[in-house]
Amino acid sequence: YLDKLDSLAEAAKATDDVHADPLARMTRLNHLLFEEQGFHGNADNYFDARNSFLNEVMHRRVGIPITLSVIYLEVARRIGLKLYGVGMPGHFIVKYKDDEREIFVDPFHGGRLLAEDRCREMIAEMYNGEMKFQPAFLHAVTGKQILFRMLQNLKAVYARATDHHKMLGIIERMLLIKPDAVTEIRDRGLIYFARGQYGEARTDLEEYLRLSPLAEDAAQAVFILLSQKA
1 YLDKLDSLAE AAKATDDVHA DPLARMTRLN HLLFEEQGFH GNADNYFDAR
51 NSFLNEVMHR RVGIPITLSV IYLEVARRIG LKLYGVGMPG HFIVKYKDDE
101 REIFVDPFHG GRLLAEDRCR EMIAEMYNGE MKFQPAFLHA VTGKQILFRM
151 LQNLKAVYAR ATDHHKMLGI IERMLLIKPD AVTEIRDRGL IYFARGQYGE
201 ARTDLEEYLR LSPLAEDAAQ AVFILLSQKA
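Start counting the sequence shown at 1; every next residue gets the next number (this note's numbering).
For the record, the hints were derived by calculation from the structure and aren't laboratory data. The reader is advised that the hints may include incorrect statements.
Below, simulated PhoX-like cross-link-like pairs (lysine-lysine); rule was C-alpha separation at most 20 Å, straight line [to be verified]:
1. Lys178 with Lys144
2. Lys82 with Lys13
3. Lys95 with Lys82
4. Lys144 with Lys95
5. Lys178 with Lys166
6. Lys82 with Lys144
7. Lys97 with Lys82
Computed spacing ranges between beta-carbons, pair by pair [stated by the list, open to error]:
8. Ser7 with Leu214: 48 to 58 Å
9. Gln197 with Ala20: 51 to 61 Å
10. Lys4 with Arg120: 28 to 38 Å
11. Arg210 with Arg120: 30 to 40 Å
12. Asp99 with Val141: 14 to 24 Å
13. Ser212 with Glu10: 44 to 54 Å
14. Ala43 with Ala11: 23 to 33 Å
15. Leu113 with Lys166: 35 to 45 Å
16. Thr183 with Arg120: 19 to 29 Å
17. His139 with Ala11: 29 to 39 Å
Quick reminder that beta carbons are idealized off the backbone N, C-alpha and C, glycines included.
Sequences and hints are given; from them, build the entire structure.
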């Protein structure tokens, strides 16, 4: 699949002009990926786990915002077009940035171009006006942040299916990236408890309480710990 990304980049180079305006280059890249290659957002089956696996997205040409954005970023990088991932709440997009402007692209919706005002409107629509827009929502994110968010998406998919085994594997990977992610330590403890692994559950929940003694759900963790000591 890395070879496939290389092949897409070679196809992009065939029509690219490295001296052209970045917007023109991105427009050509949009045409290649979304019109010629047929990549598109999976709005009909958004929570299909395959949408979060890059090999599946490459093979099926369908994915969710973050995986389509990763492909977009990787092809762009291979042709020398420096873009950034943007992890807005509820939606992931891509941007070009220089000293004069920012250009936002939405790979989930066929590479449509977005202005900052439209990004604000999207957040207002997704959260029914209950989330106040912050400029940080449009900041570039790191590779590790992208990977962590992809794993969060997979965790949510497996949580919907109550697949504790797969959730546990995902959380282990998340903690490799971010060992102090207290929510993941808590959730791993809860999964251990549900699986009857009480020793492991106790270790994680005690660590969670140590790191977040004032958490809103601290009482739940204490109750579980006391139930095991009773």
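* Can you list which hints this structure breaks, lowest number first? -> Failing hints: none at all.
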